Amino acid sequence: MIKTKDLTKVYYKKTCVNHLNMDVEKGMIYGFLGPNGAGKSTSLKMILGLAKPTEGQVFLFGEEITHQNRLEKLKDIGALIESPSYYGHLSGRENLEIIQMLKECDPQEVDRVLEIVRLEKEQDKKVSQYSLGMKQRLGLAGALIGNPKLLILDEPTNGLDPAGIQEMRELIKFLAREFKMTILVSSHLLSEIDQLATHLGIIQNGEMIYQDSLRNLHRYSQQRLALKTIDLPKTIQILEKNNIPFEQERDAVLMQRLTDEAIGQLSCMLGKMNIGITRIEERQKSLEEIFLELTGKVVSL
Amino acid sequence: MQIQIKTEWIKIKKSPIWLIFFLIPLIPAVMGTFNYLQNLEILTDGWYSLWSQHTIFMGYFFLPPMIGAYSAYLWRLEHFNHNWNRIFTMPQPPLHLYLAKLFIVSLMVFLTQCWVGLLFFISGKLIGIIQPFPAEMLVWLLMATLGGIVIASIQLCLSMVIRSFSIPIGIALMGGVFSLAFLARGWGLIFPYALLAMGMNGNTPQSLDYGNIFFFLISCCFFECISFIFAWQWLKRIDVQAE
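Top line first, the protein sequences correspond to chains R and Z. Read in the numbering used here, the first sequence has 101 at position 101, and its numbers run on one by one without any break. Read in the numbering used here, the second sequence has 73 at position 73, and its numbers run on one by one without any break.
So that you can see chain Z by itself, here it is in the shape it has in the complex (with noise of 0.2 Å):
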């Protein structure tokens, strides 16, 4: 497992999706402090208001696809250029290669959320918020960087089995936006792409419930095992058919 998350570092290192990973989170940041300042009169709770604002975008729209895009682009390289003939000719297990993938789209996940975080402060800092910084903030970055991993692990199945680019990021898109929905009815934790943005917390700042998020973290295993079981079976019966 260790040589091919070696193998997979350098396979990303050089690879343009840092480019998604810098410029994305900024779009949702500009947005949400914008939106902040023209709503100064509601939002009256410093921090917690300016992180609703950021988060309503970020958790919904960006974040998800952005990981989709991770994911994509992992299996992409080896969908072209018959990589696949040559990655399972080699004498390492065929799952290695999902977990070892799973493992560097979770790394990005987290820098992602220390990007955002990051992006968050300097934003708060900008704009002349006077509060200290609120340590929960760091929780819910935590929270949504193991929502976003679930994420991860879905869309690395999906992007394995479907070789399009596009079509794995749209179905991440669909389901941040669905993802409203389900949070809307308190329904997040039985669907999968809403827990990155109920990691985030953005709705209800202050309320940090310490028995959600015992349940956040079984719905999170939960939704990893099923992925890494369909995994594990996919590869384990995948041909790899003549073109």
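Extracted from the complex, chain R is given alone in its bound form (with noise of 0.2 Å):
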């Protein structure tokens, strides 16, 4: 559905966006992950034609776009982009029948997307009166208008409370599996991606550090046993003599998994040597740490 070949972008003799490319595939949630500045927001500009690459390519749909064939792709993408995005002193309504006006699809549309994002009662209001979470609601309308095939939402979950964050996180899992919409969601919050998206690509100073599905990501975050003792350099000793990998943290020893067998065995050895055990516990890795073992760089999310 998109996919990016060295897509750089320089501001300014400032490379915002270094060599990216991006690959996101029919009917993934693709999460976008970034801390704030790391060029989310101007590559999908570039993917959407609102900014000029100064190098690299963008293929929609699986061809190149040009200036010639832009539009026309711009009819099955819903966008939203720092958003929200609206007119203050037109109604919720009015407000999409412009969208559906200029995207010339059916006015009945209107009703279509007022009803799943659940804004039905409130569309005559005034928008400058709703509040953050509505005002994310009805730009997430806008982007529905026309069912497009393909969403792209920048940091849609951005300045709103728990709630708010739940019910567009819900939402947005709705469309995939409701409509079949592949959606590409940029957000700088790790947790926020973990909770919603079926793939992930991280970028960083402008540089695309990782990209594969959320599973294997998941996959290195075996388990791993954590061993505490009154003595933890006999507890070494021990360890180094009977050949069993570890590594040493301020007061534990963790280990890779074991079996029950070997466990008991290395408790055993410990309780004749005098030493007592006073925790063993299992550990998962954090995402955190997971990105900082793949990509050998410490990324703040």
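Bear in mind the hints are in silico, worked out from the structure with no lab data behind them. Here the structure is a predicted model, which is why all the values come from computation and not from measurement. A few of these clues could be false.
Capping the alpha-carbon separation at 20 Å, the derived lysine to aspartate or glutamate pairs in EDC-like fashion look like this [stated by the list, open to error]:
#	chain 1	residue 1	chain 2	residue 2
1	R	K73	Z	D239
2	Z	K6	R	E109
3	Z	K125	Z	D45
4	Z	K13	R	D124
5	Z	K14	R	E109
6	Z	K13	R	E25
7	R	K272	R	E261
8	Z	K13	R	E97
9	Z	K236	R	E64
10	R	K75	R	E122
11	R	K234	R	E247
12	Z	K6	R	D106
13	R	K52	Z	D239
14	R	K173	R	E122
15	R	K75	R	E109
16	R	K272	R	D260
17	Z	K14	R	E55
18	Z	K236	R	E55
19	Z	K6	R	E94
20	R	K149	R	D76
21	Z	K6	R	E97
22	R	K241	R	D231
23	Z	K14	R	E122
24	R	K14	Z	D239
25	R	K73	R	E63
Each of the two chains sits in its own frame; use the hints to bring them together as a complex.
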């Protein structure tokens, strides 16, 4: 659905996006993750043709985007960039009618999308009187007009309260499930992408540092065993003698998961040496730690 | 294009810009009528004298910034709340947006001239001018509309590029003031902001020279074309930058 090849943007000699190769395939909810200022919005703007790439190409629906075919492709895309966008002095309905006219689709689309985002009751209110959550839902409704195959949402939950974030997340999942939309959603919050996306790409300083399915990422988060005893140096000696690989933490040792049998033997050995075990616990690596391992870079997300 | 004209109309229909539309022309109308009544011994030419008094303020000081305000308002709607992003991800050519806005502002300029003409007529009747209403004034209002459209096309370019609401209006005000100097030297045709006052024909209300009208129209077309080319090229190159 979306492919970028060496997409690069230089603003005033500063490289905002650096040879970005993004690959979003049909049916994905693709989480585009990166800290603020990493180049997410600029990348999305180049994909939509709002900003012109300094270098590289954008392919949408399998075709390279050119000046000639851009408007044609936009008919199949719903976008929400640096949201929310709206005309405050008009009602929610009028805002949607403007989009419906510009997208040249059926006027009934307005009712359909109002129902999806549950704004039917507030449709005749001026948008300037809407809450931020309502404005954001209206923005999403606008992107849904014409039932596009591809949805591009830039930080759709930015600034919302927890209930609003939850609601937006459910809506996005619903759209993917119910209308088989392919969705590209950006965020600076790892936890959010974790709960929403099927695939993710991580961008830092304009570079894509990781891109894969979320399932593959979780595979890295295998469990480890942490062991605490009353005498750490002696414990280490015993582990070394028995060739059990481990890492040392501040007051514990971390091992790969052992079989129950191996743990039993180990605890007996420690017991014989009068080393009391204070804790044996299973630990899972956080996604942050996995990134660090995969990329060798500290990502602040 | 038709679609954008419709959507622009939806945007402006309920806007506060109509307050400016109705209220501002009242000021020069009242001032002009008052001036006329104060100087009855010099101003002996009935409708024509009243016209000169009305248009002095209207053409130089009031209408150019008013047209500037119409244009600034229409672009401000896009500059605010990230609407640039949305409007340019719609499957419509960006240049059509400029042209639709030009159409709407031109329509408003025309309606403003109608309102100005009506105010003039009412003022004349109220103070009891008895001569028949001179029909040339309708031609002058029409020419002023054309001159106003030239200002609109330039102001729409300015407000498209400049995100500020007031700077372009300030430029329009300056344009109106400077047009006094250009007209005094007889250089009105080369200064776009002077075309409106020139069209209103307030300085020499009795001379309607058809040769001048021809050059007037040429000048209007010239400045229209310049604005059009600018808008076309600028919208082709524009980058909506990340904020």
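Do the hints match the structure? See the list:
1. K73(R) - D239(Z): 19 Å, holds
2. K6(Z) - E109(R): 18 Å, holds
3. K125(Z) - D45(Z): Satisfied, since the Cα-Cα distance of roughly 15 Å is no more than 20 Å.
4. K13(Z) - D124(R): 16 Å, holds
5. K14(Z) - E109(R): 23 Å, violated
6. K13(Z) - E25(R): 43 Å, violated
7. K272(R) - E261(R): 17 Å, holds
8. K13(Z) - E97(R): 14 Å, holds
9. K236(Z) - E64(R): Holds, because 19 Å separates the two Cα atoms, which is no more than 20 Å.
10. K75(R) - E122(R): Judged against 20 Å, a Cα distance of about 27 Å means the pair is violated.
11. K234(R) - E247(R): The hint holds at about 15 Å.
12. K6(Z) - D106(R): 16 Å, holds
13. K52(R) - D239(Z): Between K52(R) and D239(Z) the Cα gap is close to 6 Å, so the pair holds against 20 Å.
14. K173(R) - E122(R): 23 Å, violated
15. K75(R) - E109(R): Holds - the C-alpha atoms of E109(R) and K75(R) are around 14 Å apart, at most 20 Å.
16. K272(R) - D260(R): 19 Å, holds
17. K14(Z) - E55(R): With Cα atoms ~43 Å apart, K14(Z) and E55(R) exceed 20 Å; violated.
18. K236(Z) - E55(R): 18 Å, holds
19. K6(Z) - E94(R): 12 Å, holds
20. K149(R) - D76(R): The given pair, whose Cα atoms are some 6 Å apart, holds under the 20 Å limit.
21. K6(Z) - E97(R): Holds: K6(Z) and E97(R) sit about 11 Å apart, inside 20 Å.
22. K241(R) - D231(R): Within the cut-off at roughly 16 Å; holds.
23. K14(Z) - E122(R): Answer holds: K14(Z) to E122(R) is near 18 Å, not above 20 Å.
24. K14(R) - D239(Z): Distance of about 15 Å is within 20 Å: holds.
25. K73(R) - E63(R): Given that 20 Å is the threshold and the Cα spacing comes to 9 Å, the pair holds.
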